[in-house]
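Number of protein chains: 2
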Amino acid sequence: MTHYRLAMLGFGNVGKSLARLLLAKEQEIASERGLTFSVTGIYTSRHGCALDPAGIDLRKALEAASISELSKLPPASDGMDFVRRVPADVLFENSPVNYDSGQPAVDHIRTALSLGMHAVTANKGPVVHAHRILTDLARAQGKKFYFESAVMDGCPIFSLFRETLPAARLLRFRGVLNSTTNMILSRMEAGDSFETAVAYCQEIGIAETDPSGDIDGWDAAVKVTALANVLMDAELKPQQVIREGIRRLGPGEVLEAKSQNKRWKLVCSAERSGRARSHTPVIARVSPELVGPESPLYRAEGTTSIVQFETDVLGQLTILEENPGPHTTAYGCLADFLNAVSL
Amino acid sequence: MTHYRLAMLGFGNVGKSLARLLLAKEQEIASERGLTFSVTGIYTSRHGCALDPAGIDLRKALEAASISELSKLPPASDGMDFVRRVPADVLFENSPVNYDSGQPAVDHIRTALSLGMHAVTANKGPVVHAHRILTDLARAQGKKFYFESAVMDGCPIFSLFRETLPAARLLRFRGVLNSTTNMILSRMEAGDSFETAVAYCQEIGIAETDPSGDIDGWDAAVKVTALANVLMDAELKPQQVIREGIRRLGPGEVLEAKSQNKRWKLVCSAERSGRARSHTPVIARVSPELVGPESPLYRAEGTTSIVQFETDVLGQLTILEENPGPHTTAYGCLADFLNAVSL
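First to last, the sequence lines map onto chains A and B.
Going left to right, the first sequence walks through residues 2 to 344 as the working numbering numbers them.
Going left to right, the second sequence walks through residues 2 to 344 as the working numbering numbers them.
Because the hints were derived from the structure by calculation, they are not lab data.
Certain hints may be false.
Which copy is meant is left open, so a pair is good if it fits within one copy or across any two.
[Stated by the list, open to error] Straight-line Cα separation of at most 25 Å, SDA-like style, residue types lysine to any residue; simulated pairs:
{"no.": "1", "residue 1": "K61", "residue 2": "P88"}
{"no.": "2", "residue 1": "K145", "residue 2": "S343"}
{"no.": "3", "residue 1": "K17", "residue 2": "A168"}
{"no.": "4", "residue 1": "K145", "residue 2": "R163"}
{"no.": "5", "residue 1": "K17", "residue 2": "R170"}
{"no.": "6", "residue 1": "K17", "residue 2": "A55"}
{"no.": "7", "residue 1": "K17", "residue 2": "Q317"}
{"no.": "8", "residue 1": "K259", "residue 2": "E302"}
{"no.": "9", "residue 1": "K263", "residue 2": "G293"}
{"no.": "10", "residue 1": "K73", "residue 2": "L339"}
{"no.": "11", "residue 1": "K61", "residue 2": "E254"}
{"no.": "12", "residue 1": "K263", "residue 2": "V292"}
{"no.": "13", "residue 1": "K263", "residue 2": "Y299"}
{"no.": "14", "residue 1": "K145", "residue 2": "I30"}
{"no.": "15", "residue 1": "K259", "residue 2": "R300"}
{"no.": "16", "residue 1": "K263", "residue 2": "E190"}
{"no.": "17", "residue 1": "K61", "residue 2": "D234"}
{"no.": "18", "residue 1": "K238", "residue 2": "T3"}
{"no.": "19", "residue 1": "K145", "residue 2": "A235"}
{"no.": "20", "residue 1": "K145", "residue 2": "T3"}
{"no.": "21", "residue 1": "K61", "residue 2": "R173"}
{"no.": "22", "residue 1": "K145", "residue 2": "D234"}
{"no.": "23", "residue 1": "K17", "residue 2": "E311"}
{"no.": "24", "residue 1": "K17", "residue 2": "D313"}
{"no.": "25", "residue 1": "K17", "residue 2": "E29"}
{"no.": "26", "residue 1": "K263", "residue 2": "E295"}
{"no.": "27", "residue 1": "K259", "residue 2": "G293"}
{"no.": "28", "residue 1": "K145", "residue 2": "E33"}
{"no.": "29", "residue 1": "K61", "residue 2": "S274"}
Computed from a predicted model, the values in this text were never measured in an experiment.
Based on the provided sequences and hints, a complete structural model is requested.
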């Protein structure tokens with residue numbers, strides 16, 4: 002049995018789902034993989050911090066009004082202090098996403114790797130802003146920086162290319178990666194106004210109070226950037242993605258498309274501008290497109306995500322994820338942990 | 002640089018595609034993975050055999066009327082003799098599939114593993130008939146028995162679960178896995194009679210002279226068995242799959258479904274009969290089903306394969322493969338080789 006000490010920075014929906022999943026899978030992982038774990042630190046920005054080298058009771062942490070009740074050591078003063086002081090082998094970095102700089106997650110992960118921890122995150126910020134630096138640092142440290150849940154929740158995308166498609170070259174991809182805009186468009190097809198559709202998404206918890214990050218295509222642009230940088234060795238910033246959101250689509254356009262048996266989708270895509278093998282720039286785009294029933298994108302309803310990959314070695318490979326949620330994001334983090342520590 | 006000696010048993014469409022792919026990717030694999038290879042043996046049942054410890058020129062092998070011209074050693078008398086005598090680290094076993102017993106491929110692979118080679122195959126026979134024995138033998142030898150291309154060509158399915166979905170439990174799956182019947186049904190929707198549709202499939206090379214293995218659902222049943230045995234720890238024989246082919250579907254049924262915006266698909270499925278976690282038997286089935294446009298299976302045209310996986314940790318995950326062919330099967334073999342020798 003090998004034992005791993007886990008640190009959780011962030012204990013919101015994803016962090017709590019991860020805690021539940023760790024509890025549910027603990028015995029199975031021990032018996033099938035010869036691996037045990039304890040959570041030695043939990044940090045939240047508003048509900049306290051717990052540090053316990055002997056291991057925190059996750060059941061209690063899930064029920065506690067303040068995490069600090071469970072601490073055996075003085076609580077950390079901030080996220081960086083937590084990363085420096087937590088006695089851990091793996092950091093789960095699940096602080097809120099910062100689209101502009103990726104901070105403070107980038108610093109948290111850099112520090113964790115420097116201290117000899119593996120780093121796992123569902124946060125797109127550090128992937129988009131510092132993927133190469135953090136991956137190089139991880140390699141130099143003999144550790145892993147994994148981020149499966151940054152795009153399409155826990156559905157295997159990054160690990161698909163990393164683990165199952167050796168010597169494959171990604172030529173282009175195309176997909177629907179933002180569930181909020183996809184749900185808004187689905188609701189408008191059913192007769193909602195734009196405002197009612199947005200309100201519905203806020204009500205079910207998939208849109209922010211200020212939904213412009215989704216509606217203007219920023220979230221999608223960040224996801225395209227993450228995929229292109231990691232899978233195609235692009236060096237894009239989200240600002241370089243040719244980007245148009247869905248604001249120009251009124252109920253008129255949406256219903257007219259429907260009457261022609263087509264659907265508006267906020268399509269994310271990227272491809273090399275020149276010959277596949279040369280190191281030409283990658284052109285990435287987020288924009289509303291009309292798709293017909295012949296496209297697998299046509300069927301992506303509501304929160305479904307889909308991406309089509311074209312490589313130099315396979316025909317088109319399409320991955321479709323239905324019914325995502327915090328529990329699937331949490332699974333991606335667990336999978337990253339298990340992959341990071343397996344040989 | 003680590004050097005691997007490769008043996009190719011079978012040099013038909015898949016073997017030749019693999020040879021072309023090895024030539025095309027040789028430099029890239031050397032520079033990106035620090036790995037070189039040479040082919041030290043090629044065996045065919047009707048076009049001779051070549052053995053050369055110094056490496057066979059694959060370009061010449063692809064053009065030779067008889068492979069034997071290229072041999073530096075006396076040719077092998079049969080497949081078993083070839084496996085025993087070829088000086089190799091990896092065996093690509095691509096002999097014709099034998100649905101009844103998996104032989105002689107099972108013996109070829111067993112011998113190769115016993116002699117310390119990794120074994121890679123696109124052949125469903127040994128997977129269905131001897132997956133557990135061969136996998137256990139490989140483990141005992143510190144080698145790998147991989148067979149990605151046995152189902153859905155080179156599209157990652159087995160490696161998806163092996164490498165990217167740790168601690169996930171497959172509860173059920175459902176898909177369209179036989180391209181011949183799918184093409185026949187697609188052609189009948191376009192107005193062909195059953196006989197004309199079969200003749201078309203024979204003409205484009207996806208149906209055998211005796212197409213009953215496809216039409217009666219045997220090929221699909223073998224694929225369901227392979228997926229269920231490997232991914233769900235089932236211990237099924239193809240004969241235990243509840244099986245109905247497409248013979249009862251005439252143009253009348255097919256066109257009537259079309260008029261209702263539905264399609265007949267030969268659906269493959271398997272699920273545990275009881276609670277997911279207990280070791281209850283897996284019930285597997287191949288039968289024609291009417292599917293509507295709400296199902297991703299609806300869109301599977303012609304040679305497209307699709308499978309939907311439901312696990313205990315993710316929402317539904319669907320994999321769709323378009324435009325397969327010998328080159329994608331060959332890629333699965335190359336991926337298996339690279340995965341087998343990577344740490």
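Quick rundown of the hints versus the structure:
Taking the closest pair of Cα atoms, K61 and P88 come within 25 Å of each other only inside a single copy of the chain (20 Å); across copies the shortest separation is 60 Å, beyond that limit. In this assembly of identical chains, K145 and S343 lie within 25 Å of each other by CA distance both inside one copy and across copies; the values are 11 Å within and 16 Å between. Taking identical chains as interchangeable, the C-alpha atoms of K17 and A168 lie at most 25 Å apart only when they sit on different chains, with a minimum of 18 Å there against 37 Å within one chain. In the homo-oligomer, the alpha carbons of K145 and R163 lie at most 25 Å apart both inside one protomer (12 Å) and across protomers (19 Å), since each shortest distance falls under that limit.
Taking identical chains as interchangeable, the C-alpha atoms of K17 and R170 lie at most 25 Å apart only when they sit on different chains, with a minimum of 21 Å there against 37 Å within one chain. Only within a single protomer do K17 and A55 lie at most 25 Å apart by alpha-carbon distance; the minimum there is 20 Å, versus 58 Å between protomers. In this homomeric assembly, K17 and Q317 come within 25 Å of each other (Cα to Cα) only across copies, at 22 Å, whereas the closest approach inside a single copy is 36 Å. With identical chains, the CA atoms of K259 and E302 are at most 25 Å apart both within one copy (14 Å) and between copies (23 Å).
Proximity of K263 to G293 under the C-alpha cut-off of 25 Å is found in both arrangements, the shortest distances being 5 Å within a copy and 17 Å between copies. Taking identical chains as interchangeable, the C-alpha atoms of K73 and L339 are never at most 25 Å apart, the minima being 27 Å within one chain and 47 Å between chains. Taking the shortest Cα distances, K61 and E254 never come within 25 Å of each other, neither inside one copy (51 Å) nor across copies (59 Å). Taking the shortest alpha-carbon separations for K263 and V292, both the intra-copy value of 6 Å and the inter-copy value of 20 Å come in at or below 25 Å.
In this assembly of identical chains, K263 and Y299 lie within 25 Å of each other by CA distance both inside one copy and across copies; the values are 8 Å within and 16 Å between. Both within a single protomer and between protomers do K145 and I30 lie at most 25 Å apart by alpha-carbon distance, with minima of 20 Å and 22 Å respectively. Within a single copy, K259 and R300 get their C-alpha atoms as close as 13 Å, and across copies as close as 18 Å, so both meet the 25 Å cut-off. Taking CA atoms no more than 25 Å apart as the test, K263 paired with E190 passes in both settings, with 11 Å inside one copy and 22 Å between copies.
Taking CA atoms no more than 25 Å apart as the test, K61 paired with D234 passes in neither setting, with 43 Å inside one copy and 35 Å between copies. Taking the shortest Cα distances, K238 and T3 never come within 25 Å of each other, neither inside one copy (40 Å) nor across copies (37 Å). In this assembly of identical chains, the alpha carbons of K145 and A235 lie at most 25 Å apart only when taken from the same copy (21 Å versus 34 Å across copies). Taking CA atoms no more than 25 Å apart as the test, K145 paired with T3 passes in both settings, with 17 Å inside one copy and 24 Å between copies.
In the homo-oligomer, the alpha carbons of K61 and R173 never lie at most 25 Å apart, since the shortest distance is 47 Å inside one protomer and 34 Å across protomers. Taking the shortest alpha-carbon separations for K145 and D234, only the intra-copy value of 18 Å comes in at or below 25 Å, while the best inter-copy value is 30 Å. Taking the closest pair of Cα atoms, K17 and E311 come within 25 Å of each other only across two copies (23 Å); inside a single copy the shortest separation is 36 Å, beyond that limit. In this homomeric assembly, K17 and D313 come within 25 Å of each other (Cα to Cα) only across copies, at 17 Å, whereas the closest approach inside a single copy is 40 Å.
Only within a single protomer do K17 and E29 lie at most 25 Å apart by alpha-carbon distance; the minimum there is 19 Å, versus 43 Å between protomers. Taking the shortest Cα distances, K263 and E295 sit within 25 Å of each other both inside one copy (10 Å) and across copies (15 Å). In this assembly of identical chains, the alpha carbons of K259 and G293 lie at most 25 Å apart whether taken from the same copy (10 Å) or from different copies (18 Å). In this assembly of identical chains, K145 and E33 lie within 25 Å of each other by CA distance both inside one copy and across copies; the values are 22 Å within and 19 Å between.
In the homo-oligomer, the alpha carbons of K61 and S274 never lie at most 25 Å apart, since the shortest distance is 53 Å inside one protomer and 35 Å across protomers.
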